[in-house]
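2 protein chains.
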Amino acid sequence: MSETASSAPAAIESLEGVIDGIAANARRASLLIQNQPAASIDKALLAMASCLESDKARLREENGKDLEAGRRKGLSGAMLDRLALSDKALASMVTGLKEVAGLRSPVGDVFDERVRPNGLTIHKVRVPIGVIGIIYESRPNVTVDAAAICLKSRNAVILRGGSEAFHSNCALAELFSRSLLEAGLPAQALQFIPTTDRAAVEMLLRKDAEIDLVIPRGGESLIRMVVEKSRIPVIKHYKGVCHVFISRNADLKKAIPIALNAKAQRPGVCNAMETLLLDSGLDLQVRKIIAAELIDKGVTLFGDDESRALSGAIEPINEENLYNEYLDLRLSIITVNGVEGAIAHINKYGSRHTDAIVTESEDEAALFAERVDTASVMINASTRFADGGEYGMGCEIGISTDKLHSRGPMGVEDLTTYKWVVRGNGQVRG
Amino acid sequence: MSETASSAPAAIESLEGVIDGIAANARRASLLIQNQPAASIDKALLAMASCLESDKARLREENGKDLEAGRRKGLSGAMLDRLALSDKALASMVTGLKEVAGLRSPVGDVFDERVRPNGLTIHKVRVPIGVIGIIYESRPNVTVDAAAICLKSRNAVILRGGSEAFHSNCALAELFSRSLLEAGLPAQALQFIPTTDRAAVEMLLRKDAEIDLVIPRGGESLIRMVVEKSRIPVIKHYKGVCHVFISRNADLKKAIPIALNAKAQRPGVCNAMETLLLDSGLDLQVRKIIAAELIDKGVTLFGDDESRALSGAIEPINEENLYNEYLDLRLSIITVNGVEGAIAHINKYGSRHTDAIVTESEDEAALFAERVDTASVMINASTRFADGGEYGMGCEIGISTDKLHSRGPMGVEDLTTYKWVVRGNGQVRG
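So the sequence lines, in the order shown, correspond to chains A and B.
In this note's numbering, each residue's number is its place in the first sequence (first place is 1) plus 34.
In this note's numbering, each residue's number is its place in the second sequence (first place is 1) plus 34.
Okay, chain A solo, but in the shape it has when bound:
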């Protein structure tokens, strides 16, 4: 609980007023920005890119306050690293802004046209969703990346960042507002929650008349809190328990690099492998080689009895671990009976994020792709490719393991919806 939450009722009421105002202003701005030319949006994104360079000194100063507070709080080196607005971090934001500015805008696209027997002509037209709330944890780059994608799709955005990056986020949001104004757009299309009070999040999540979508980005507990409290639709993924299944029909020259890449190339991300499934029909020597290669890469393996026979270095596993997102160089290794066994395992323990099969059998690949209940099925490719950039979307607001609206990596088009337009000549219903 923050200070505000424990202070007098008057302060709480005033926070409610602040949140009310932010939601109402965002809604109003969303109705203005949705009809602005695509070129103005791109101009604002490029202005923001310039600001990141021209205002670097001030950003560093504000970021310094967060880093100093973080050090005092004893944040780990890795966390301080994520928090820092280094030259590299700023350059990456600039690149991202330019890339998003360069994307085609899907707003206004017409589709699903039809003419009815009574002469009505009907189509759908792609429109922005409206107001999007982003609730995220420490990394300040989300302030820029997420806002850019929301604005590109002509939505208003409300940002609520983590307390560790508060000063950095404030400064970034202010630059973004200035960039919107420079491009002749309503600055209120970007709203930043100017408090780290947790009560503000709960208030925000009840503003379903003004906010159309909430996207939480962060750890599983943050996301569960948002789902629990929200009256507004939420798109999310809790975690990525991604599987790679190596079939008896796999080509080892593909299987080993895929397994190593999926686990070890960047183990801390949601599309890294957490469980390796080995086909019991795979030659024993081959399975031993796969285990040895992983161990050689520094991966700690946790296996069922059959898998533990592959190496003395494999530790025993308990069933709970099969739901784990390790996010480091640990891996569950399980022996399953063929593709059917792999499908059953993934549909039981998986998180519906990304799951891969390595096989030379077309039938097996087709069965796996059909039956595994997951957002992204990889056939003979690393799970690490589940990413908006890799899918050719040019950017990514997040990955959805939900089944509604969008599944898997989400880009600009995923932040749009449609409107039905029905054109008649005086028709009435009989």
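Rather than coming from a laboratory, the hints here were simulated on the basis of the structure.
Hints are not guaranteed to be accurate.
Note that the list lumps identical chains together, so a pair holds whenever it fits in one copy or between two copies.
[What the hints assert, rightly or not] Listed next, the in silico DSSO-like pairs over lysine-lysine satisfying Cα-Cα at most 30 Å (straight line):
1. Lys263 to Lys273
2. Lys382 to Lys263
3. Lys331 to Lys122
4. Lys263 to Lys331
Once you've looked at the hints, dock chain B against the given chain A.
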């Protein structure tokens, strides 16, 4: 509160067990039914149509229990009428089942294909959502209509109907399970909550690991309760506060029939007009004629000062009424300043359901279609056309005023999602 809720903790635990079992069975069945041939589904729907005819006597008997209980509870004639499984009601269910069986299944459609520079080929494939929960009020036809659409799109469905139709719904659900078995499909793809205990609904709404989507159908208070309690994504509309704007550029030969049809053809439904917006630039005599025509049809008008000058029979309105869904022959009538005034009014008071403009000006129609934040924009047509059947979808599971996933009338395709399938040749991420 029902009896169960006030009984011993043991009974509550057992209800929790029942709901757990229903959710788990539905999830398992969803994984089976998603890969069944479309022909088997259609066979089950047609078998259900036969059952409604062959088992009419038993259905009548069960329905009689509900009607008797309803009379004792003092339900209105209109409510008893909705509850009755009359010949007409049954025939309409049979027609609906045959129509849904005749629709093309979108499951398995491939779209958004792309090839990446690294050789990965990527596409999306249309798949069922999984498990859909339908929470509805008294009318037993929802049991059949909603289940048919959910199953057509190869989802498992959990039905929770209103207590007034409990016996009728039980009997209908049982026939549907039998029809699934006859077609060689898992009967557990249709689950019926076998209790009227309200606690069951709250338990169901927390089963987000098993249930993918909840669609509430009924009054606004039911829907608000579902949104408040649910951890599962909900698609819904609270109400339909539909507007018709008659512009100074309207053709009166279209405007009057559209206004009368939108209000009076069937005033109790969500796509009926609740507010008529008259352009202050419209000739005063013409506005008087419009008001007189509505009054002549038996409509009670509630107007602002400017509108009340059109007829002595127009009652005063207070602002709260502008959010009203009257659902009967009452209507708000408001004078606005041109198309801009109409847009501002609708975006403030509307429910984002369906809003119409009557105008001969292409520019005005385009501005209205672009700026009004609503699921369906009607140009020179009655709001009453906002309907799955009228849009050519062959059926309708409901109408969404949400912006996510589906907007406006929802048919079979709206109960599907997609899966990304990425095919490689051993690619790993660098």
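Have a look at lysine 331 and lysine 122 and pick one of within, between, both or neither, based on CA distance no larger than 30 Å.
-> within (28 Å within a copy, 71 Å between copies)
Measure nothing new, just compare the shortest in-copy and cross-copy C-alpha distances for lysine 263 and lysine 331 to 30 Å and report within, between, both or neither.
-> Classified as neither; 42 Å inside a copy, 47 Å across copies.
Is it within, between, both, or neither for lysine 382 and lysine 263, if the alpha carbons may be no more than 30 Å apart?
-> both (27 Å within a copy, 26 Å between copies)
At most 30 Å between C-alpha atoms: does lysine 263 with lysine 273 qualify within a copy, between copies, both, or neither?
-> So lysine 263 and lysine 273 pass the 30 Å test inside a copy (19 Å) and across (23 Å) alike.
Hint 4 from the list above is the single one not met by this structure.
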